[in-house]
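Asker: Work out the full structure: start from the sequences and follow the hints.
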Amino acid sequence: MSMFNTITHSQIFVLDQDEALDFYVGKLGLEVTADVDMGFMRWLTVGIPGDEGRQILLEKPGPPRMSEETAEQVRALITKGAMGGSLIFTTDDCRKTYETLKEKGVEFVDEPTEQPYGIDCGLRDPFGNSIRFTQLKG
Amino acid sequence: MGRAEEDVNRRMLRARDAMDRAYAEPLDVPTLARIAHVSEAHFNRTFRATFGETPHRYLQRRRVERAMFLLRGTGKSVTDICFEVGFGSLGTFSRTFSAIVGRSPRLYRNEVKPTAYVPTCYTKAWTRPNA
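Going line by line, the protein sequences match chains A and B. For the first sequence, the working numbering assigns the number 1406 to the initial residue and increments by one for each residue that follows. For the second sequence, the working numbering assigns the number 506 to the initial residue and increments by one for each residue that follows.
Derived from the structure by calculation, the hints contain no laboratory data. None of the hints are false.
Taking lysine-lysine pairs in the DSSO-like style, the calculated list, with each CA pair at most 27 Å apart, reads:
1) LYS1507(A) with LYS629(B)
2) LYS581(B) with LYS1542(A)
3) LYS629(B) with LYS1542(A)
4) LYS629(B) with LYS1501(A)
5) LYS629(B) with LYS1485(A)
Answerer: Dropping the structure here:
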């Protein structure tokens, strides 16, 4: 019996929030669930249309949350592909989604491949974050 | 450190992703440098500065990791695996594998390994043998 009900938010670091919107909304087809100028930060979240209970915070590293020196380290890690910020989606048709996104210029690192659990592939966002989507078996 | 270096990181990452994807093909510095949009002269040094090892070494370890995967999970012959992962000769493969993994391909295959469900992207990243 858990104390919690669901995961509502996860977070990934991005280098630029407008560029992130061009990618996550413009190319991947997610939708903005919140875009609020809080003064101290721009609270920007996206989600899958129809799955609003699960949001992704697109956060830009910088002061005052962290020093500029730390933000530089974070940006270096993102662009080396070493930040955690991984997202894994499910899809009804991996190959079709792959073709659609490829046509939009999305950078793939892994083509649709048969796995024990289904078919999946991998891509990167403009900054270096890793994204995968899976067509599950059955 | 600023935007310019972040761009370089990102381009080095692109070249590294190409090695992760096309490890079975003969990859050379000119090809990888072109993917990264840097000059050949700078590519090796810049890649090493970014990721802590030369592209050649990264590619070798990727190929050995894939060989370890095939040795564990298939019944393919050591020779077939050697060529499937991109080595040009069985001698080079055996030597490189043993130096990196600490035992020969055959001995490695004979070890019994517990398995658990782990997405293959994680297996691919985390079972890479140490430098």
